[in-house]
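Chemist: For the protein sequence lines, the chains are A and B, in the order given. For the first sequence, position 78 (counting from the first letter as 1) is numbered 78 according to this note's numbering, and the numbering increases by one without interruption. When you read off a place in the second sequence, starting at 1, and then add 87, the result is the number in this note's numbering.
Be careful, since some hints might not be right.
Here are some chain A residues pointing at chain B (derived, C-beta under 8 Å) [what the hints assert, rightly or not]:
| id | residue |
| --- | --- |
| 1 | T8 |
| 2 | A12 |
| 3 | G16 |
| 4 | L17 |
| 5 | W39 |
| 6 | G41 |
| 7 | A48 |
| 8 | S49 |
| 9 | R50 |
| 10 | E51 |
| 11 | L53 |
| 12 | R54 |
| 13 | H56 |
| 14 | S85 |
These are computed hints drawn from the structure, not numbers from a lab. In this text, a Cβ means the ideal position worked out from N, Cα and C, and glycines have one as well.
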Amino acid sequence: MAQVHLPTALGALVPGLPKRAEVDSGTVSEVIAQLNARWPGVAACLCASREALRPHINVYVDGRRAEMTTPVNAASVVRVLTAVSGG
Amino acid sequence: MVLLGTKKGAFILESTVGRKQWSVRGPYCQAWPIYHTVFDPATKSIYAGGGNAWFGPGVWRSDDLGETWSQSGEGFSYGDDGPRIDEIWHITPAQGALYAGASPAGLFRSEDQGKTWQHVASLRAHPSCPQWTPGAGGLCLHSLIVHPDDPQHMWVAISAVGTFESTDGGQSWMTRNKGVRAEFHPERYPEFGQCVHKLLLAADGKQLYQQNHCGVYRSSDFGAQWEEISAGLPSDFGFPLALHPRDAATLYVVPLNGAIEGRYVPDARMVVWRSTDRGDTWTPLTKGLPGEHAYLGVLREGMAVDALDPAGIYVGTSTGQLFGSNDEGESWQEIAAHLPPIFSVETAIVEG
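With these hints in hand, go ahead and build the complete structure from the sequences.
Modeler: Have a look at this one:
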């Protein structure tokens, strides 16, 4: 199972969402879909569309900046981070 | 209660019927930028629409007068080929449903108290949509009226686009900008492209008013024709508009010095202007408002009335002051001085 690390701020928006979750391998898009099936609302917060992350949401797979199509394998660590932004 | 949307969350201010002493609580909604906070008297819920830089547009709901909140952005999308939605600008509860206006402009409807939202695609299907061009405030749908006696009869207003009317519950839309100037446009009176800043329907259900980038206007035929009523005001430029809760002839505006002159109150004196004759004549209201060195601005949703008698009037500034009057504008007090920039002001009467 791949490990997903989620931003604390997301937990304030999605009831019950943990900081870490285990998911099946696939792509980043499929990982987010798995999370959304278990904790509805995650996808709306992270994705601008089915094909794109929101501009200030950064996803890293095994330390490398990822996109929705990036593969996630069973040993991967996926980190979802909120970029420097706001004012 | 006075409900505020600010750059750093929603706030709730509470008082008794006399409206002299106020308490402030907030910020709510994780200090998101909140463009509109509104009370639904039918369900006693509070809704707050906004969006933050990371997680996008959302509507927050509280069923306990602000103690606890839940958020949903489910459905705020124009599809994979459409523009990305950044914020929710306006929420209107209407006869069991909720409507939300977004930026870039579009209309959404919820039938489950804001848990999920459906795009009302007819508005962006209007033939003018490809030519909608944002102004400095973006392309926000900030005014949304559902006629209280006829839910099929609706109006929306979009900055830098203008006013639309629907008589079939939002299935089709017609531009309603005749008689409204657009001085920044190559045509002075185009079919659309007018920069409406606030659109409201009076208590009689007949009289429409709008504060525009280029003047204040009234329409007595549901928007088919507009008549300018700016004469007597110090400027034709301003953002907010408020209407008396019972008298359709009484309205309030806060003119600013001009679109390219700094956008603060003329001569740095805070003045609310009132008309009691549908805009034929205007009276300045100043008692208790700062009379010098007041470089204040008020945004599109920044003024509201309450339904008490005499009516209360509330004005929130883009630098975080909230002024209130408990006597229809005759006298004012500063209710709060150091809030975040205020985007919206609404009121609610709650039995306590």
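Chemist: Confirm or reject each hint.
Modeler: Evaluation of the provided hints:
A least Cβ separation of about 11 Å between T8 (chain A) and chain B goes past the 8 Å threshold, and the interface hint is therefore violated. Hint status for A12 (chain A) relative to chain B: holds, with the closest Cβ pair at about 5 Å, below 8 Å. With 8 Å as the threshold, the beta carbon of G16 (chain A) stays out of range of chain B, its nearest partner Cβ sitting at about 12 Å, so the hint is violated. Taking 8 Å as the C-beta cut-off, the interface hint given for L17 (chain A) is violated, the closest approach to chain B being about 12 Å.
A hinted interface residue such as W39 (chain A) counts as satisfied when its beta carbon comes closer than 8 Å to some beta carbon of chain B; here the least separation is about 12 Å, so the hint is violated. Nearest Cβ of chain B to the Cβ of G41 (chain A): about 6 Å, under the 8 Å cut. The hint holds. Taking 8 Å as the C-beta contact cut-off toward chain B, the hint placing A48 (chain A) at the interface holds, the least distance being around 4 Å. At a threshold of 8 Å, the smallest CB-CB gap from S49 (chain A) to chain B is about 5 Å, leaving the interface hint in force.
Annotation: interface hint on R50 (chain A) holds; nearest CB of chain B at approximately 6 Å, less than 8 Å. The interface hint given for E51 (chain A) is met, as the beta carbon of that residue sits about 6 Å from the closest beta carbon of chain B, less than 8 Å. Look at L53 (chain A): its Cβ only gets to about 10 Å from chain B, farther than 8 Å, so that hint breaks. Taken as an interface hint, R54 (chain A) checks out: its beta carbon lies about 5 Å from the nearest beta carbon of chain B, inside 8 Å.
Taken as an interface hint, H56 (chain A) checks out: its beta carbon lies about 5 Å from the nearest beta carbon of chain B, inside 8 Å. The restraint placing S85 (chain A) at the interface with chain B holds, with a minimum CB-CB distance near 4 Å, inside the 8 Å limit.
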